[in-house]
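K.L.:
Going line by line, the protein sequences match chains A and B.
In terms of the working numbering, the first sequence opens at residue 1 and continues consecutively.
In terms of the working numbering, the second sequence opens at residue 1 and continues consecutively.
If you're looking for bench data, these hints aren't it; they were derived computationally from the structure.
Ideal placement from N, C-alpha and C gives every residue a C-beta, glycine not left out.
Be a bit skeptical, because a hint or two may be false.
What the hints assert, rightly or not - The calculated lysine to any residue pairs, modelled on SDA-like cross-linking and capped at a C-alpha distance of 20 Å, are:
hint, chain 1, residue 1, chain 2, residue 2
1, B, Lys1, A, Val44
2, A, Lys26, B, Gln41
3, B, Lys1, B, Arg67
4, B, Lys1, A, Leu46
5, A, Lys26, B, Phe104
6, A, Lys56, A, Asn18
7, A, Lys107, A, Ala10
8, B, Lys57, B, Arg67
9, A, Lys56, A, Gly42
10, B, Lys1, B, Gln41
11, A, Lys26, B, Gly58
12, A, Lys107, B, Phe104
13, B, Lys57, B, Gln41
14, B, Lys57, A, Thr67
15, A, Lys56, A, His45
16, B, Lys57, A, Thr27
17, A, Lys107, A, Ala78
18, A, Lys26, B, Gln44
19, B, Lys1, A, His45
20, A, Lys69, A, Ser39
21, B, Lys1, A, Gly42
22, A, Lys107, B, His29
23, B, Lys57, A, Ser86
24, A, Lys107, B, Pro107
25, A, Lys70, A, Gly42
Claimed, not checked - Sample of chain A residues facing chain B (criterion: CB under 8 Å; computed from the structure):
hint, residue
26, Asn31
27, Gln33
28, Arg41
29, Leu43
30, His45
31, Glu55
32, Lys56
33, Gly59
34, Ala81
35, Phe88
36, Leu103
37, Thr104
38, Phe105
39, Lys107
Each chain is listed here by its residues.
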Amino acid sequence: SQQGEEDPQALSIQEGENATMNCSYKTSINNLQWYRQNSGRGLVHLILIRSNEREKHSGRLRVTLDTSKKSSSLLITASRAADTASYFCATDVGSYTGANSKLTFGKGITLSVRP
Amino acid sequence: KAGVTQTPRYLIKTRGQQVTLSCSPISGHRSVSWYQQTPGQGLQFLFEYFSETQRNKGNFPGRFSGRQFSNSRSEMNVSTLELGDSALYLCASVPDGNSYNEQFFGPGTRLTVL
Chain A
1 SQQGEEDPQA LSIQEGENAT MNCSYKTSIN NLQWYRQNSG RGLVHLILIR SNEREKHSGR
61 LRVTLDTSKK SSSLLITASR AADTASYFCA TDVGSYTGAN SKLTFGKGIT LSVRP
Chain B
1 KAGVTQTPRY LIKTRGQQVT LSCSPISGHR SVSWYQQTPG QGLQFLFEYF SETQRNKGNF
61 PGRFSGRQFS NSRSEMNVST LELGDSALYL CASVPDGNSY NEQFFGPGTR LTVL
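In isolation and in its complexed conformation, chain A is listed as follows (with noise of 0.2 Å):
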């Protein structure tokens, strides 16, 4: 079953233009993460913030999370056209002890950003 729900399902923007994507999820969470996944291919992480956190960095990244609202979003700033991509957010549900590498994720948002 989908832990995360990504909203929305597609955006397209054009390049230079910031692109916010958001998702919610149902269960208490120890953290969020983000991939991305270049057409069909194996996706690669992006961005982890912790339950305990609200807000990370990184690059032209930004992520936050609200864990009261079980939500988070994912901006990317300045976009270009290699960010074209489906992004998943994808929640862990385990221990701190690295004993459950099981991640949960949504269906994906598809961004497509023109030149």
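Fit chain B to the supplied structure of chain A, relying on the hints for placement.
P.N.:
Below, chain B alone, put in the same frame as chain A:
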């Protein structure tokens, strides 16, 4: 370090056959997880192996099985293939000591069942 490798990359089988997929994690990673990705169901967790032991299992029928070898390489097997097993199968490895579970994915094996 070399990334996660999966073989074969593409596979075509017919209904009723069985298939074995292979995954080699990043050197030093002992945890390997498998996921199935389909357009309808999205990414779904199959199972996870750590030090040759299955540590977690998703909600898949018993036709889906796996194992892990002493060098951390993992295989998954699907017996009596059905059309609905057509999917991209992804494996991921996790570094030892990573309490926060960032996963490194391979390129996937695209299985088509005819």
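K.L.:
Now look at each hint and say whether the structure bears it out.
P.N.:
Quick rundown of the hints versus the structure:
no.: 1; hint: Lys1(B) - Val44(A); in the structure: holds, 16 Å
no.: 2; hint: Lys26(A) - Gln41(B); in the structure: holds, 17 Å
no.: 3; hint: Lys1(B) - Arg67(B); in the structure: violated, 24 Å
no.: 4; hint: Lys1(B) - Leu46(A); in the structure: holds, 19 Å
no.: 5; hint: Lys26(A) - Phe104(B); in the structure: violated, 25 Å
no.: 6; hint: Lys56(A) - Asn18(A); in the structure: holds, 17 Å
no.: 7; hint: Lys107(A) - Ala10(A); in the structure: holds, 11 Å
no.: 8; hint: Lys57(B) - Arg67(B); in the structure: holds, 12 Å
no.: 9; hint: Lys56(A) - Gly42(A); in the structure: violated, 24 Å
no.: 10; hint: Lys1(B) - Gln41(B); in the structure: violated, 33 Å
no.: 11; hint: Lys26(A) - Gly58(B); in the structure: holds, 18 Å
no.: 12; hint: Lys107(A) - Phe104(B); in the structure: holds, 19 Å
no.: 13; hint: Lys57(B) - Gln41(B); in the structure: holds, 17 Å
no.: 14; hint: Lys57(B) - Thr67(A); in the structure: violated, 26 Å
no.: 15; hint: Lys56(A) - His45(A); in the structure: holds, 14 Å
no.: 16; hint: Lys57(B) - Thr27(A); in the structure: holds, 19 Å
no.: 17; hint: Lys107(A) - Ala78(A); in the structure: violated, 25 Å
no.: 18; hint: Lys26(A) - Gln44(B); in the structure: holds, 16 Å
no.: 19; hint: Lys1(B) - His45(A); in the structure: holds, 16 Å
no.: 20; hint: Lys69(A) - Ser39(A); in the structure: violated, 31 Å
no.: 21; hint: Lys1(B) - Gly42(A); in the structure: holds, 17 Å
no.: 22; hint: Lys107(A) - His29(B); in the structure: violated, 27 Å
no.: 23; hint: Lys57(B) - Ser86(A); in the structure: violated, 26 Å
no.: 24; hint: Lys107(A) - Pro107(B); in the structure: holds, 18 Å
no.: 25; hint: Lys70(A) - Gly42(A); in the structure: violated, 27 Å
no.: 26; hint: Asn31; in the structure: holds, 5 Å
no.: 27; hint: Gln33; in the structure: holds, 7 Å
no.: 28; hint: Arg41; in the structure: holds, 6 Å
no.: 29; hint: Leu43; in the structure: holds, 4 Å
no.: 30; hint: His45; in the structure: holds, 5 Å
no.: 31; hint: Glu55; in the structure: violated, 17 Å
no.: 32; hint: Lys56; in the structure: violated, 12 Å
no.: 33; hint: Gly59; in the structure: violated, 16 Å
no.: 34; hint: Ala81; in the structure: violated, 22 Å
no.: 35; hint: Phe88; in the structure: holds, 7 Å
no.: 36; hint: Leu103; in the structure: holds, 6 Å
no.: 37; hint: Thr104; in the structure: holds, 7 Å
no.: 38; hint: Phe105; in the structure: holds, 4 Å
no.: 39; hint: Lys107; in the structure: holds, 4 Å
Violated hints for the displayed structure, listed by number in ascending order: 3, 5, 9, 10, 14, 17, 20, 22, 23, 25, 31, 32, 33 and 34.
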